[in-house]
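Student: Here's the letter readout for the chains.
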Amino acid sequence: MPYRHLFTGFLLILLLPGCFSNNRHQGEKLYAQHCSGCHGDQGQGLARLIPPLAGSDYLVKHRAELPCLLRNGQNEPIVVNGVTYHNVMPGNKTMSTAQLTNLLNYVENHWGNKAAPRTILEVQTKLDSCRVP
Amino acid sequence: MFQRLLLLPILVATLFTACSDPKAPTAAQLPIMGERDVHPRADGGPADTVFATVPAFRLTNQAGQVITNKTFAGRAYLADFFFATCPGICPKMQGELLKVYAKYAKDPRIVFLSHTIDPAHDSIPVLKDYAQRLGIADANRWHFATTGAHGEPTAKDTVFQLARAYFTAALPDKQAPGGFAHNGTFALVDDRGHIRGLYDSLNPKEVDRLFAELPILLAEIDTRKPGVAGR
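If you read the protein sequences in the order shown, they are chains A and B. Numbers given in the working numbering equal positions in the first sequence, counted from 1, plus 137. Numbers given in the working numbering equal positions in the second sequence, counted from 1, plus 432.
Calculated from the structure, these hints are not laboratory results. Among these hints, one or two may not hold up.
Said to hold, decoys possible - Each computed DSS-like pair below joins lysine-lysine, with the alpha-carbon atoms no more than 25 Å apart:
{"#": "1", "chain 1": "A", "residue 1": "K230", "chain 2": "B", "residue 2": "K535"}
{"#": "2", "chain 1": "B", "residue 1": "K637", "chain 2": "A", "residue 2": "K166"}
{"#": "3", "chain 1": "B", "residue 1": "K524", "chain 2": "B", "residue 2": "K502"}
{"#": "4", "chain 1": "B", "residue 1": "K538", "chain 2": "A", "residue 2": "K230"}
{"#": "5", "chain 1": "B", "residue 1": "K637", "chain 2": "B", "residue 2": "K535"}
{"#": "6", "chain 1": "A", "residue 1": "K263", "chain 2": "A", "residue 2": "K198"}
{"#": "7", "chain 1": "A", "residue 1": "K166", "chain 2": "B", "residue 2": "K538"}
All figures in this text were calculated on a predicted structure; none of them were measured in a lab.
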């Protein structure tokens with residue numbers, strides 16, 4: 138009979154790694170992988186070529202459009218903190234809604250940025266209404 | 433017994449120098465990259481070694497000025513390859529070069545040269561706009577240059593060939609972001625056209641190495657100009 142407890146304990150240990158999901162800090166990892174090359178380690182941007190994300194008024198003013206912006210990219214002049222930038226930003230067709238949500242929450246709450254956290258459902262609703270480029 | 437005690441510190445000292453010697457690049461000169469030819473002399477004297485140099489090129493910069501190897505004769509330059517609409521590594525790469533530029537912006541011993549690998553898109557006005565957005569006002573300090581100022585059909589091949597000469601891989605690739613695959617190598621060229629250092633701009637340690645090695649080359653160039661030593 139005590140063997141049964143042993144078995145249960147063993148099983149629990151086996152399942153333990155499942156508690157530590159890789160999705161922790163997913164937004165930060167996605168940022169480093171997909172965004173930091175252009176927008177910088179600290180969201181600082183690059184001169185007047187690449188707009189900053191840190192302290193960017195664009196993130197606040199265009200909050201609703203950001204999921205579509207990440208999904209489809211853009212190639213129009215945009216004004217960030219009073220400066221006009223005109224460069225190509227590639228979209229990302231492969232990231233899941235959950236990944237996009239984590240990424241947005243990371244960007245919108247780092248380097249001095251502050252915004253209400255987004256839910257996956259909210260981001261999905263926005264994605265469903267993207268204009269097809 | 434006494435002898436042994438004396439030997440020990442000497443041994444330790446020898447070992448110490450053995451450890452630190454290869455890690456002291458400051459005393460040495462920078463290597464010369466690329467193939468070298470050995471030319472036997474007709475008179476039977478010691479053979480001449482001919483070191484590789486950057487091949488002859490003719491480019492046009494953002495100000496519309498023609499630039500050739502001669503433009504850079506007598507001073508060092510840092511070269512890289514980019515394109516204006518590059519969404520991949522270019523912003524990072526140019527950001528790193530901008531840091532080097534910021535430190536040496538007023539130093540006449542070194543200038544900067546960025547080649548576009550997308551001459552079809554990056555016309556002179558595009559290059560000029562790019563330079564200005566990066567904050568480079570003086571085209572003579574940092575050239576943003578193209579092989580295709582006049583719509584030359586071979587412009588792309590020419591710049592890819594040139595990239596290879598600078599040990600940079602650059603080629604069209606539909607899969608790569610922006611349509612071109614290339615790596616972010618900085619090539620440091622001396623006053624005689626020899627490549628003296630190659631640095632991966634995406635690796636912070638390599639950029640640190642560039643900052644450490646650049647003064648070594650500048651000091652070497654100074655020794656060749658006895659009249660204007662130090663500047």
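Student: Please go over all the hints and tell whether each is borne out by the structure.
Tutor: Going down the list of hints, with the structure as the test:
no.: 1; hint: A:K230 - B:K535; result: 40 Å, violated
no.: 2; hint: B:K637 - A:K166; result: 21 Å, holds
no.: 3; hint: B:K524 - B:K502; result: 29 Å, violated
no.: 4; hint: B:K538 - A:K230; result: 45 Å, violated
no.: 5; hint: B:K637 - B:K535; result: 17 Å, holds
no.: 6; hint: A:K263 - A:K198; result: 15 Å, holds
no.: 7; hint: A:K166 - B:K538; result: 39 Å, violated
Of the hints listed earlier, those the structure fails to meet are numbers 1, 3, 4 and 7, in rising order.
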